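For the record, the sequence lines run as chains A, B and C. Going by our numbering, the first residue of the first sequence is number 5, and it counts up by one from there. Going by our numbering, the first residue of the second sequence is number 322, and it counts up by one from there. Going by our numbering, the first residue of the third sequence is number -13, and it counts up by one from there.
Hints were generated in silico from the structure; no laboratory data involved. As the structure is a prediction and not an experimental result, all values here were calculated from the model. Glycine included, each C-beta is placed from N, C-alpha and C at the ideal position. Hints may be right or wrong, so weigh each one.
[Said to hold, decoys possible] In silico contact screen, one side only, chain A against chain B (beta carbon under 10 Å); selected entries:
(1) 162
(2) 182
(3) 923
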Amino acid sequence: MPTIYIDGTAYEVEEGKNLLEACLNLGLDLPYFCWHPSMGSIGSCRQCAMVQYQNEEDTRGRIVMGCMTPVTDGARLSLQGDTASEFRESVIESLMLNHPHDCPVCAEGGECHLQDMTVMVGHRDRNYRGKKNTHRNQYLGPLINHEMNRCISCYRCVRFYRDYAGGTDLAALASHDHVYFGRHQDGVLQSEFAGNLVEVCPTGVFTDKPLVDDYSRKWDLQSAPSICVGCAVGCNTSPGERYGRLKRIQNRYNQQVNGYFLCDRGRFGADFVNSESRLNFAGVRQEDGSDKGSYKAIRADDALSEVAGLCQQGTVAGIGSPRASVEANYLLRRFVGTKHFSNGMSDVESALVNQILETLKNTRAISPSIHQIESADAVLILGEDVSNTAPRLALALREAARNKGRELAAEMRLEPWMDAAIKNLAQDQYSPIFIAGVHENRLNDIAEAGVSLAPDDIARLGFAIAAEISGGRAIDAVENLDADLSALAGTIASTLKAAKNPLIVSGSSLLNSAVIESAAAVADVLSNEQENVFLSLSVPECNSVGTAMLGEGMSFKDMMDSASQGNIDTLIVLENDLYRRAPSEDVDKLLENIKQLVVLDSLDNATLSKSQIALPTATFAESEGTMVSSEGRAQRYYPVFVAEDDRLASWQWLSELGQVLGLSGFDQLEHFDQVEQTCAGEIPALSGIASAAPDHEFRNRGLKIPRQPARYSGRTAMRADVSVHEPKQPVDDETPLSFSMEGLGVGQPSSLMTSSWSPGWNSNQSIQKFQDEAGGAIKGGSSGVRLIESGQSLGDGLNAHTRSVPTAFHPSDTESLLIPVYRVFGSDELSSQAPAIAEMSGDAQFVISSESAAKLEVVDGDGVSANINGVEVTLEACVDPSLAEGCVGFTTGMPGTESLVATAVGLIVSLRKADSWQRRKPQLIATDNPNAPTVTNQQSLQSGVSHV
Amino acid sequence: MSEQQLIQSDIALSAEEIQQIDAELAHMPQKSGAAIDALKIVQRQRGWISDESLMAIARYLDMSPEALEGVATFYNLIYRQPVGNKVVLFCDSVSCWICGCDGVKQKISEKLGVDYGETTADNQYTLIPVPCLGACDKAPVMMVGDDLHTNLNNEKIDQIFSGQVSTTASTTESTAESTTTSEEEGS
Amino acid sequence: MNNSLIENSTTENPLIEKVLTRNIGPDLKPTDMTAYEANGGYRALHKVMSGMSSEDCLEVIKASNLRGRGGAGFPTGMKWSFVPMGDKCSPGHKYLVCNADEMEPGTFKDRLLMECDPHQLIEGMILAAYTIEADRSYIFIRGEYVVAIERLEQALADCYKKGYLGENILGSGYDLEMHVHTSAGRYICGEETALINALEGKRANPRAKPPFPQVSGLWGRPTIVNNVETLCNISHIIDKGPEWFQSLGLGEDAGTKLYGASGHVKTPGCWELPIGTPVREILEKHAGGMADGRKLKGFLPGGGSTDFLVEEHLDLPMDYGSIGAAGSRMGTGTMIILDNQTCPIGMVLNLIRFFAHESCGFCTPCREGLPWTRQVLEDIEAGHGRKEDLDTLLRQVKYIGAIGNTHCALAPGAMEPLQSALKYFQSDFEAHVEQGCCPYSRPLENQRGEST
Ligand SMILES: Cc1cc2nc3c(=O)[nH]c(=O)nc-3n(C[C@H](O)[C@H](O)[C@H](O)COP(=O)(O)O)c2cc1C
Ligand code: SF4
Ligand code: FES
């Protein structure tokens, strides 16, 4: 370990770091802007200046940029000396020449890195007498606000957006002190990672638009550690609340999972918590002759006894949900009995998730964390469009692609943080990524090769690769494989074999078990030869894995059969819209065959409107629970604020029901920890969840952990219209967190970090104060616990594969194979209820090939109809020239296609042009189209001038 | 997601432009490498780079309009606003300044009725300042179109622009930058 | 012809051996292939292609003590020796780039060499490329040099025809492509790493070093960037040997140099003289001394980004070491003369305005600091200056002026005239502030008044 001397003190530092990292890791405050732990150094802001001396005799030294200077043994440096301090102050003073003095009205105020750094260098007085440059701002869509006047040109936005996240529609424009970061014209930012600009920008240029429209300061936000419910990746979040409203989602650093970044579905989709269609009170259905009926609000107690009454009359069955917590599912299962419990997935989905679970348990490959995925040096993606089904994972794959550059750099002895140098060196060379999908996706730009194939053919390619790798030993060659594919299989096989950390990505989204099996086969034969083989399998929902781990219960079909035989009197549905799980006729029939339906859910939906009794549940933001991500990582989320009105966490409703009914053991299931521990004790696969986070008795040096920051203001003022007396803060008996600012929020385990703050570091950049090294794990370890350890069962992994290689798909001239297509905005049930996401998502579509489009004589935006299972479905056409031959896609989970994913898979349909169709008016500013009537910039813009 | 499709623009690249761009591409390992050349080629044909031209080039080079805009707005000699038939590149660098270019500039402005960044009413000339033209021993100098004019004085300006009647200029904002930056009172 | 460049550039002096300008007559006619070859052109190329190895060439250039003529004066042979050669280089292209982006205020030498003797440059480039085993080469030339571009294109076509370029040059087995790239205009493109970005079709932000272009430059491959004048010397050195080249210089430095003078001197122009010729000789003998009625106040020895020198420095030899020791830089060797009737603050303001506009906008001190400096100078020049403004300027010089404080050398270069003006012309600054106006009457017309 090199020793460096800073202002006369000797420090041991890690090799291969730059001086800025070294200082931060030592806990020293060195201001910076352009450097980012995930993006490395470019040396543009010149803020991290230090003085380096040549030797002990050298008293003048010279200014060096900390972020651009490697640590060297014996280096003599000054951080505090006048030369360095004065220079750093000059830099801030320069940045302030044009920066508006609008902190009071700036959404970044109070968590602004520029504010922090300004205070840190001690700059105060303005010497510049000139005018400030001002810019016109752009309309960037419903998610992000643009206020260019605040820009300090650190280049972080474009480095993140373009270089890191692969976006194309944001760039640095113009030059000298007119540099401008924006789009070519006003319009919606196209990257699904745009929201990270809010956190990446060290000042208030890019801000969270929904937050700005319903604004609170960071110091007035109550936060708790949470987990994103947008998909199965399980990103860690820090939601912020005030006035009973979820104001925003901020990234919560977890080195193993999301690191510093989230996707926009996660960041902006959580707004469903504030939806108008939230249920506030329990309701009893009153028949009013209409189909829907109406509901009479009843007191929670009465609702409980009503439900208890129903449950005493005959058999009760329960349907759980992959979007509800492990604990809520467990309690429902316990409440209705294992025999009468279904996990709430569609039958197709349930089989696939179980297959995945079994695969991960039995394979010798590692189920990698997102962080491990970033270390892959060769990737094969079979069938999964991760950009839309697991976006954060797609971002990790982009990072993996850059490993090639790091390799080249290492050969030239360049440090891995020399970002620009590596980029210049590598140019467009990436670590190999091979993609077989039903259509091209947003990762194809960095792919070494991509093919569009029907699902069965993807599986065949996968098996062929496995056969190549095993040299025909473990897996038989795939018959009748087309010569091109065969050659491709050979290339992929040798590339994967040559890699140090090969990664196979697949998942359930194509609803094709052979695809998953082929991915597993590749991983397994690779594991015969290599140690670090990664197999990442995506599943549909935030807790699909956790729910599946409860064990197989009744299938949907079992449930239907049972009901039709009159064996179910009362059905309790937990946080699940059955109309997304089975064809509506089937659901209707099921509901007709039972006597009563009780639904616990947070938002209105089709199933809920059929219930006799509806119980309003808390969302992830108002309750605690454990979810298991696709990696197999169990993670705990905590209530950010107390659920209003009669909302209760699902587990609580069920616990109380059990108690009202006097069910055995339910007196011991009164508290969350009891439920969770009982579940862990009873179900071996889930035994680990107890260690996902500390229990409610945990105290941080004797104190609870505050959800509110120390400067939380206006406890009395915020209710002044009601009473000027300070209300008693709600008590939290279930967790180690408190609903107040009292307590100790420093030094707790990372699973209990509510938000990130440190003296002098008010922005999210304060995270470095909680790490041993920049970009490393939070002190004390990354939160969450892995429930599936790889390579556990070293048994004969290969034989586990039945190797049922499907036959090749033969496209027909007249009909097409129906396949699901996913949209990051729109396919997910809950996030689609967030207004900003709804604005992004557009309508459901049939995705058709260019040939089909030509044959049907339709273009983008026309209507296309198909008869699916006897139902006429008409959707907008989206022409995708890359679609596999003979296929037609439907966008899943959107109005009009909700249940198709459960019902219409593998069907052959014939398409025709819709008889009558009203083209949708373009909702988004279509300024990319030169012929479009100009929706003029000026009108849609906010005023571009800030008065300072 | 709501991917906006770029709708084919009517203003495609001409065969001649494509041929010239292809010639440049032959020297480039990456298509985007010819960005500046392509902008210059199209500008030579069309006088300036309109949004439509920019998008046509971007499409041809497989670049996003943003990436190409970043390049186009970086360079002084790519015009993102219409210019006159000829651009007057007036050197206002140090040697020319010492030798009195300010007065010559004033003369041109009077003669043509334009200031920097403006185009004459008859669309003949756009006046733009340029860094040192490398002819300092004959200062002051300027280029009108492709022609260099040296040792400028008032008479010469009269000769060069003889026949030009002074009228009010059309209002073109700044010169080569699309990002308009105006000045606002500071505090 | 409109762009006849330098009428006064050919002051005959039989004692001085003309090397780079030997083909350039008073009429400034371009030298075509026939004329060039008739005067010994491509002799060096033949010599090398029929038996000299790259190592041989490198040794000759190293021994010649040739230093870069682009401004920094880095020894050319040493620069070339950093290029990985033979098996030590990973497979792929290597590049030689000629920096013909001449845009340094007050600099007008490369234009002359390219317009009047394009083959001299091309021959030098072929030899340079051969020495570093490059197979691709570019001439990166500013777009305004219309005539030079045309003539270089013509010369290149002639070379391809004669087999001096392309595959298997003169049967040697060596292949080289050469291409003219015209810039879209920006001073920063002259900075070699920014130039590389511009060649890649990108925004011309300079790159951080390391890695140096010699190992990772154009498209990540080994690349050498040299100035036009530097490259023009190569064929002569190969042809006549390093000792001859060394003998041309008057002092420590080797070879000849294109010197120039602009401003209010009697005969502004550009002359090839032995490197190390005293300033006074250039100014008084070649430039004819100050224009009538004007006195020397100071001069920038080598373009707009060099420090002012004054009368006391007139007897210094114009070479890297002497000018450096006096606190300035020889830079491009083309002097800008400040006379006693021209306001030094106005002149510095003009330069700072240029540099502020030409900043690429990448790093803070340059992007923000230069416009600030410009604003202060504008105030002073307009008579709104305050006493404390001088401190501000001193602070700006300290903040922006040191290499390393900024990402590239543009901003420190921009500070050089200002910092030296503050030293030599302090009383002028004070007078502006005290009198509340500029004490100099601004020159509003070309007072030299010649007509061509
Ligand atoms: C801002 C800036 C502008 C420059 N402009 C030029 C130029 O126009 N021409 C040139 O030859 N060198 C220029 N240089 C110097 C080059 O970076 C580089 O040092 C030179 O081309 C190397 O060639 P040489 O070794 O032959 O001198 C410039 C440097 C800087 C920092
Ligand atoms: S330039 Fe470096 S130099 Fe600046 S942070 Fe940015 S962090 Fe540093
Ligand atoms: S200063 Fe104008 S040509 Fe050089």
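Hint-by-hint comparison with the structure:
1. 162: Given a least distance of 8 Å, the restraint on residue 162 of chain A holds.
2. 182: Holds, because the Cβ-Cβ distance from residue 182 of chain A to chain B comes to roughly 5 Å (cut-off 10 Å).
3. 923: With Cβ-Cβ at 14 Å, over 10 Å, it is violated.
The structure shown violates just one earlier hint, number 3.
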